[in-house]
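Heads up: the sequence lines are chains V and Z, in that order. Numbered by the numbering used here, the letters in the first sequence go through residues 1 to 374 in order. Numbered by the numbering used here, the letters in the second sequence go through residues 1 to 317 in order.
In short, the hints are calculated from the structure, not lab data. One or more hints might be untrue.
[What the hints assert, rightly or not] Over the 12 Å line for every Cβ pair with chain V, so calculated as not near, a few chain Z residues:
| id | residue |
| --- | --- |
| 1 | D139 |
| 2 | K245 |
| 3 | T260 |
| 4 | G282 |
| 5 | E303 |
| 6 | I313 |
[Claimed, not checked] One-sided and incomplete, this derived list gives chain V residues near chain Z with beta-carbon spacing under 10 Å:
| id | residue |
| --- | --- |
| 7 | G26 |
| 8 | A56 |
| 9 | H108 |
| 10 | A112 |
| 11 | K115 |
| 12 | P217 |
| 13 | L298 |
| 14 | D302 |
| 15 | D322 |
| 16 | E323 |
| 17 | V355 |
Idealized CB from N, CA, C, for every residue including glycine.
The primary structure of each chain is shown beneath.
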Amino acid sequence: MTDAASTESFRDEVASAELIVTCGPGGVGKTTTAAALGVAAARAGRRVVVVTVDPARRLADALGLEEGAAADAPHRVTGIPGIGKGSAGGELWALMLDAASTFDRLVHEQTANPKQAAAILENPVYRAISGSLAGAQEYMAIERLHQLYTSGEWDLVIVDTPPSRHAIDLLEAPDRLIGFLGHPVYRALTVGQRAFAKVTNAAASMFLWAVRRLAGPQIVEDTVEFFRSLANIEPGLRSRAKEVSVLLRSDAASFVVVSSPRAEAIGEAEHLIGALRDGSFPFGGVVVNLIHPMPEQLTAADRAALDGIDDGPLAEQLAWHDELTELASAEREEIAGLADLAEDVVVVELPLLAVDVHDVEGLVGLADRLVGGN
Amino acid sequence: MAAPDWLTSTRVAVVAGKGGVGSSTVAAAYALAAAREGADVLFVAVDGRPGMGPLLGGRELDSSDRILRRIKGAGQVRGRTIPADQAFGDYLELKGVGGMLRRAASAASLPMIAAATPGLEHLLVLGKIKELERERAADLIIVDAPPAGHAAPFLRSATGLSDVVQSGPVREQSVEVDAMLRDPARCRAMIVTLPEETPVTEALELGEELRSDIGMALLPAVVNSCWPDRPGLAKTPAMAARSQKITLSASAKSALASSTDFGRERLVRQREQIGRLADGIGVPLLTLPRLATPRLTLHQLGELADALVEPTIGATS
């Protein structure tokens, strides 16, 4: 049986990149790939932190991540052969992104004093927005990346991204925040510290009136209060969003697109590659995961000998052989199309494994495949 | 074959699954199966992903309700999307709010209002679906829910908003949507997954979330992309040949073994995972075959619709 084989590898990427962002459609092993790249980099002697978003439970367990706020701080991943005592000195750490606490951290960093921070953190609108606002998760993944990157504690920060059909959302998140802060209604609401009654801008008072009619007076006060308190940290938010936007486009960063060979996933991956190129993001490579094996082909003579067997176990085996061949061929066509689009970057093909990767041993095996080890 | 009871047991069926499990395809197959039984079906794509209209035999979906396919002597499939801003406009109009508020709303623009009331966009879309259900816009409305991790937040928007919004029409809307989601005669959810470990775990979690947190009733769960069960793969090619009194060359044995070994192991794993789902999900299961071609055709959608009306496995309903 011929394995999905790759001659290319991410060896250089894990040895030199300072930021790796894995992105792609859901259900293709993106989080596992991010973790395995982390293992590979740690084994190459680097101090690495992997930020995961919504990992499958068994993978989270393998990385030592538990539910709850504690998982938002980096945890050391133990039990990886080839790092630690007496070897290259690399380290792997992992954390689970918690959008709400990342937002809280951002607020604390950007406010002048605890009182200002509390005014924002305790606002009901903020509490509802920080965890669940559409796009908040995407933005916070990037924000967390920036926090870790600028801390200077890490040689490499790897960020897994929220599964998204519109992966472009992630790339646009910082710019969207800048857009939001520049919205005329937002500006009118937050200019100075005028009382609500004195909001004179027509669009803004219409906005408040609309919100009050639709959602009641309480939310209007909360909203105005929220926007006002946000105004204190707005310059910070704005410059942060710009910094992040620049960082993501710098040479330090590398975007790795993960896909499966299914047509639907490949279509999304192609779309994403286009978006990376259009947005001038550094595109580091592609991982095509979960590839079915191509069976050894029957010779013409063998096929002739098997001709006419139309029931019994042998017929089932023959039918299955043909079906798997058809599927494997179709997948290889899809992959070839994707590889054409990505001919100037690394493309690594990974076979469908017998069991899901959910322990350190599995991650090490995957890491070796990604960097071309054994 | 008689159509299964569940097929038209509710007026709104929300089809949901994590990304990559094929829930949109299953939603389309469900629409076709119900139309074949005579139902007038409205297929609603929430995030408007491309290709669904043509898959159902019509034009690309947009915000107007169009017939995609008529089934001779039976029902039909219509399709549309529901963009949040349009749902918002319709909602304002429905509430009889006049030009002043509508202008205010457009001046502020939906994104600003949505930022002020998180979950509002989802609620507006669910609210529109609720209106369609209430006016009996179709015998069955099939909702292709947002993918990936977003199905539960989408459905939870109705309950989630009540923390922030204490009064006003948005509050009313969330109460009404919540009532629809909790009424099995009006609305149920269909969970879609794959016969693999992680997707099954996630399907069990989603099922728990929809039932306990949101209070929804579940339709049978669908295990998509199952390999057909081929008992013949349990034997090695040499054993199979011997049992059929056929002599195989060494090269034929080797070629067949290369696919048989892989297939045998996948089938064992598939049975394990289907068993795990059947034990935990609390509703009967439907299995859909894996199709060998990566791009689905109209004909294959028909095959999936056929498979969907086969008897379920497990009867823990």
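Now the hints, each set against the structure:
1. D139: With a cut-off of 12 Å, Z/D139 remains clear of chain V, as the shortest Cβ separation is near 29 Å.
2. K245: Nearest chain V Cβ is 10 Å from Z/K245, so the label is violated.
3. T260: violated (5 Å)
4. G282: About 20 Å separates Z/G282 from the closest Cβ of chain V, which puts it past 12 Å; holds.
5. E303: holds (14 Å)
6. I313: Correct as stated: the minimum Cβ-Cβ distance to chain V is 21 Å, above 12 Å.
7. G26: Holds. Min distance 2 Å.
8. A56: Since the shortest Cβ distance to chain Z is 5 Å, the answer is holds.
9. H108: violated (21 Å)
10. A112: violated (24 Å)
11. K115: Interface hint status for V/K115: violated (23 Å vs cutoff 10 Å).
12. P217: Where the cut-off is 10 Å and the nearest Cβ of chain Z is about 8 Å from V/P217, the hint holds.
13. L298: Holds - the Cβ of V/L298 comes within 10 Å of chain Z, reaching about 5 Å at its closest.
14. D302: holds (4 Å)
15. D322: holds (9 Å)
16. E323: Status holds, d = 5 Å.
17. V355: holds (7 Å)
Taken one by one, the earlier hints fail for this structure at numbers 2, 3, 9, 10, 11, listed in ascending order.
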